[in-house]
Amino acid sequence: AQSVTQLGSHVSVSEGALVLLRCNYSSSVPPYLFWYVQYPNQGLQLLLKYTTGATLVKGINGFEAEFKKSETSFHLTKPSAHMSDAAEYFCAVSVSGGGGNKLTFGTGTQLKVEL
Amino acid sequence: EPEVTQTPSHQVTQMGQEVILRCVPISNHLYFYWYRQILGQKVEFLVSFYNNEISEKSEIFDDQFSVERPDGSNFTLKIRSTKLEDSAMYFCASYTDNTGELFFGEGSRLTVL
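Quick mapping for you: the protein sequence lines, in order, are chains A and B. Using our numbering, you'd call the opening residue of the first sequence number 1 and step up by one each time. Using our numbering, you'd call the opening residue of the second sequence number 1 and step up by one each time.
Extracted from the complex, chain B is given alone in its bound form (with noise of 0.2 Å):
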């Protein structure tokens, strides 16, 4: 069954350090996302990727969150400065019909020190 796999599992990193989290979405889906749960909260919209551009971005998605996806495959979020509240699960997900059905990845476990 396709799915959507994520690295790493886990990153840990020193405030103020580039981090980027990979994802490969589901092969023929279209459209990408990046949610994000702190330890104890609910999930968190971040940000929806379409047609090679953000679609939609909440207001956690600061100037020092960026997406990309560099060739077909990938998709990745790039935190440039991370602080100590960056400290989270990252959830990439995608979809590509109008269910709205989103398929996880099993998440990138991001702590900063």
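With the rest of the complex left out, here is chain A (with noise of 0.2 Å):
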């Protein structure tokens, strides 16, 4: 079975600063991997996604993501916060390919940007 560990249920920063958002996952098979962004009171819109190929996917928004398989992480950044950004974001894992897929989410990290 798949999980997903976010550390840090809440992150701060100031506008301008780098947004490093941390996240590690479980799998016994080559996982994919989603990072969601959630406004207030809207639903899951996806950032990006990593499924196979380049380990650095890049996103809306001016987000990316690493994935790093030898640390089993998905840390999901971007060089410069705007308020915009403040939401909370889910890390999410699904096993690779095939039909009845489900996600894994996270606990979520709020983001708040500060001026």
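Simulated from the structure, these hints should not be mistaken for laboratory data. Quick caveat, the model's predicted, so the values are computed rather than measured. Just so you know, not all the hints are guaranteed correct.
Some, not all, of what chain A presents toward chain B, calculated at C-beta under 7 Å [as the list claims (entries may be wrong)]:
hint	residue
1	P40
2	L44
3	K102
4	L103
5	F105
6	T107
7	G108
8	K112
Here are the simulated PhoX-like pairs of lysine-lysine, each with C-alpha atoms no more than 20 Å apart in a straight line [unchecked claim]:
hint	chain 1	residue 1	chain 2	residue 2
9	B	K42	B	K57
10	A	K58	A	K68
11	B	K78	A	K49
12	B	K57	B	K78
13	B	K42	A	K112
14	A	K69	A	K49
We put the CB at the ideal spot given by N, CA and C, even for glycine.
Need the complex rebuilt from these two chains, each delivered in its own frame; the hints are there to steer you.
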């Protein structure tokens, strides 16, 4: 069974500072990894995903994440935070390919951006 | 851009009442899911559905829950007799290919009083 651990339920950064949200996963088979963002009172929006190939993946809104198999990590970064980035971020894992897949989510990290 | 739509966006019900949450998945998708998120907690898998039957369900998905695809477009989640602890945001999702990417709806917030 797969699982996801997100370190830090709350992260606060200054506007313009680096954003780093941590995600470690556990999976017995090659994982597919995802970051979703949830703005207040809204649904889940896909930021980026890793399936196969290049381990550094770029997503929307300037975010990127790097799959590091040796560290079982998929940390989310953004070079310069913007006020509009304030939201909750969820890391998720699914087993590779096939039908009937399900996502297993982490507990989420609330990102606060301060002036 | 195709999207998953859910209705209602918010429903308030009395404990013990039946509730049906509706979802219209993306039209060419074949796999459908329900997830829930209790306020302040993580998103939890409830059930997956493929080829007109449940393919997997979590321990949360007990006999009070059921899913149905009554026609070619709708995918519903029924809670037979709601409990206070069923209060949550319920998300529908769908996908069709092997990338594992799920497309989520905006959610239906259920409040049980």
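Each hint tested on the structure:
Because the beta carbon of P40 of chain A sits about 12 Å from the nearest beta carbon in chain B, more than 7 Å, this interface hint is broken. The beta carbon of L44 of chain A is positioned within 7 Å of a beta carbon in chain B (closest approach about 4 Å), and the interface hint is therefore held. A distance limit of 7 Å between C-beta atoms decides the matter here; for K102 of chain A the minimum to chain B is near 5 Å, and the interface restraint holds. With its C-beta approaching chain B no nearer than about 6 Å, L103 of chain A sits inside the 7 Å limit, and its interface hint holds.
Restraint check, F105 of chain A versus chain B: the minimum CB separation of about 4 Å is within 7 Å; hint holds. The closest approach between the C-beta of T107 of chain A and any C-beta of chain B is roughly 4 Å, which is under the 7 Å cut-off, so the hint is satisfied. For G108 of chain A, the interface hint holds, the least distance from its beta-carbon to any beta-carbon of chain B being 6 Å, beneath 7 Å. At about 15 Å, the closest approach between the beta carbon of K112 of chain A and any beta carbon in chain B exceeds 7 Å, and the interface hint on this residue is violated.
A hinted pair counts as satisfied when its Cα atoms are at most 20 Å apart, and K42 of chain B with K57 of chain B qualifies at roughly 17 Å. At most 20 Å may separate the alpha-carbon atoms for a hinted pair to count; K58 of chain A and K68 of chain A meet this at roughly 15 Å. Distance check on the hinted pair: K78 of chain B and K49 of chain A sit about 31 Å apart at the alpha-carbon level, beyond 20 Å; violated. For the proposed pair K57 of chain B and K78 of chain B, the alpha carbon gap of about 14 Å is at most 20 Å, so the pair holds.
Restraint check: the Cα-Cα separation between K42 of chain B and K112 of chain A comes to about 18 Å, which is no more than 20 Å; the hinted pair holds. Our distance criterion of 20 Å between C-alpha atoms is met by K69 of chain A and K49 of chain A, whose separation comes to about 15 Å.
Going through the hint list in order, the structure does not satisfy hints 1, 8, 11.
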